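Participant: Chain residues, written in single-letter form:
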Amino acid sequence: MDKNYLNIIRSSKLAQFGILLIVFLLLYNLVPHNEGNYFWRLPSLLAFIPIKLNEIIYAALYEWFPLKVWDPIFEMYEEKAAFREFTKSISKGLLFLITFVRELLLGGDKIIDVFVSDAWLKDNDWMTWPALPWTAATVGAFLLGFQLGGIRLALLGGIGSLYVSIFGNWVPSIQTLSFVLITTPICFVLGLSFGIWGYLDRKVETALQPVLNVMQTMPQFAYLVPIIALFGLGDHAGSIATIVIATPPMIRNTILGLKRISPEVVEAGLMSGCTKTQLLFKVLIPTARRDILNGVNTVIMQCLAMVVIASFVGAKGLGLNLKIALNSLKIGKAAEAGFCIVLIAVILDRFTKAWANKQVDYFENLTFFQRYKLLIIFGTSILIFSIIAFIANGYFDKINYLYVIPIEKGFTFAHYIDAAVDWVWETFFYSLNSFNKFLLTEVLGPMKKAYLGMPVVATLTLTMGVAYIIGGIRTSLLVGGMMLFIAMSKYWDRALITMYMATFAVIMASLNGIIVGSIFAQTERGSKIILSVCDFFETFPSFVYLIPVIFLFNITDTSVLIAAIVYATVPATRYTVWGLNSVPLSLHEAGTMSGVSRIQRWTNIEIPLAFPTIMLGVNQTVVFTLQMVILGALIGTEDLGQLIFGALSRAQDGPGVAITLGLFVSLMAISVDVIVRKWAEERKKALGLA
Amino acid sequence: MSPTISCSSVYKIFGNNAQTLLSESGGNVDAKKFQEAGCIVGVNNASFDVNQGEMLVVMGLSGSGKSTLLRCISRLTDATSGKILIDGEDICLMNNKQLIELRREKMGMVFQNFALLPHKTVLENIAFPLQVKGVTTENSIHKALEMVELVGLKGRENYFPRELSGGQQQRVGIARSLAVEPDIWFLDEPFSALDPLIRKEMQDEFLRLQSVLNKTIMFVTHDFDEALRLADRIAIMKDGIIEQLDKPDNIVLNPATDYVRKFTEDVPREKVLKIESIMDATDPHASGEIAVKKDDIIETVAEKILNSKEIIKVVDGKNSVVGSINPSKVIKVLFGG
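Chains as they are written, first to last, in the numbering used here: chain A, 1 to 690; chain B, 1 to 337.
Just so you know, these hints were derived from the structure itself, not from any lab. Warning: the hint list may mix true and false statements.
Selected chain B positions facing chain A (Cβ under 7 Å, derived; list incomplete) [claimed, not checked]:
id: 1; residue: Cys92
id: 2; residue: Ile100
id: 3; residue: Arg104
id: 4; residue: Phe111
id: 5; residue: Leu197
Just so you know, these numbers come straight off a predicted model, no measurement behind them. Don't be surprised by glycine CBs; every beta carbon is placed ideally from N, CA and C.
Full structure from sequences and hints, please.
Facilitator: In structure tokens form, the structure reads like this:
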């Protein structure tokens, strides 16, 4: 071949992609589709992985490191595996803490039961902790808000808890709150400790990165089955699932925050004569406070996003109510529970932020009563409302509305929502249905067929080729290895279905996000508005997105895809706005002075410069999409998600299957992540933005 | 009296096998060779003393190793080899506990970008070194209030750093570094991040503070004019080597190397040189009434000398005649040639 051509190919990525595409198409068409042909489908050499995983889990639970444990019921020693005793004690501890907070607010005798004998408790039935009347709790939320952030937060707290109470969601809300109040601090402490460790020791950080990557990209469902196997069902299991999911962002934020501290600040601390401990707690952590608090915020949001999923392993509260309502197709009830979750999320979010920014006044010279004014008011109001509620016991014959308003008796707007849904359903049924049909037969069906008709050798060539062109040989081998791992399992076809759904949703969501983001990013006001809209949507638990689509499009791939697209448009939009806003003002001015039109400015200046950032948004879109596609299994799809979901009900081989499949999804996300990140990095360097 | 700070043959070399390379070279470090071996030379054989109450300004462009030298002496980084004595004790041999003790009692440092703790108010920032030392909140706040007054920030005690201008933030940095009443004061380009006008104001403020406090100071700057204005002695650094260490006027009059000359060329001499440097031996004709002091900067007395018809006496601090001055020499300084 002419040397010139070789040079062109070497220097032009476009030419390389062209050649790759041709090779891919050739392989696609020439490889015969028959079982037994290893170019078509690889043998499932790794099919043993889920089975082995199961064996390990059960061996750890029942066989390894046996301990002699005293059984008080049979009054004899029993052989039990150390690991199982360990998980059991974690479960018990967590359950105790959650119940403790719950009973503190809702009343009951379970905690007292821990400390006294059953018989004594039966004889003394007066011995139960009284419930906190919702009236007193509302006053408490108001005062706490006032103390933290003045009248605005006071109103938010007060009205929020008033709403929750009189709409009859007081009990499930407290159940959810107690879940969050215990889970968040655990995530915080774990995340902070690991974050600090990673910051202090580079090796630890390097080891943490891939683990965190997998943890954050694993579908939440995949954790549930192993957690049931290890910890059983209940609130504690939900809490553990949440800890696994919410701790990684806390670790990342901590490391990020600590790394961003200017070295001078560390030196200033050292020169002030700080010891290592003082440096850590008085200089490093407080200076990184903003990022660490962002982490806490993310943790709280994750906790609330997880409440529905946690209800699958036995967590009580709003999540369970929402799930039950969805299962029985009561969309109004589901929306009400969803609204309560969002409300609690917003209140906790604002309160923790205000608390973190509180400052000490050294010049205050207050008397005892002035200093503790609010606490005294709160104490008094508990006393007064409790007495009133107690006296009212005689007045109400069945339900004492001053303690709690049960859900059947509370106000509700569920039937309005139901009516609205019905109206939409009746009015648009035919058009929606025909749209659905068109999409399924003309777009999704053929696309799915094309993906499934792809010989494995073609898929591998394409992914590895793209990785090679963008990131070089190492990236290519990494991505290839991950894909090979999936291809050699017996789930490759399912994985292809997941890939097809993800591809479609990612493309649509990215387009939406880039267009919406570009439109709003034109003005500063627009940017602000769209970013707060993104914030708002991100407080929604992913579940909520499924509610409307099921009604509009039935149980089909369309519903799942639309939910995924809407859900994943949020990060795409956000990153587009960030990217466009980060284009230096001088370039805008240079463009204007060169006489570009608005469209020209967008295509020639803004988009090229913002593109690396936008691609990072697309990266997020992939993760979001995969999460939603897997979640879609709940309403019936036939990809990997369905199998993961199915594993929930199979106690024997469930854990291994769920972990393996979850890992596959995670590997897909990480493959994309590796390539996109590499590309964005190079591109930013080339543009001088890094 | 022994010097407060005493460095002898201090080297700082960054890189993995710095230690072995240094001992192989036998103290004769060639920056280029080291760079080929993957090491970067920060400080190359620095030896000097700083006396009690003296201000040594280390001047150099970026990458000259001036900040690295300062960090070796405060042991924010460990010197690769050499001796650094603080009041006769080798800081390189101190353990962590002794080091913390030393910093708590004897050292204060001001940073280029202020390095204030963003979550603490002005008052809390200033009280911070006292609080880590274990002083009670009440006492430390009391002391911090004194420092606030000293640096002229009264009324802003409860501001957060982000609410202050750059100059005000650096005042906080200065107050914090002085809160423990250190003997030794390190300043790392303290005014470089400020606007020119504010910088001038802060230099004046700094000179005022030093005239009251009389600390032993190491001051790092990249600004030669600033060095001339403030220093008792100046050390000029390039590529880790101290090119010249001398009094400002000597540096201007007798630059040791071509590199130093580049800085001194454009310096208006009359603003730096003292009468002392151009005076003659005692002239019997200098019998007039008019006298100038030998420490006067030429610019400040030039008019007086040139307007006089007599030969002018030069006196020292005790008013005894030590020499005389010829107007022609003043003219030479002022107009060159």
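Participant: I'd like to know which numbered hints this structure contradicts. Please list them from smallest to largest.
Facilitator: 1, 5
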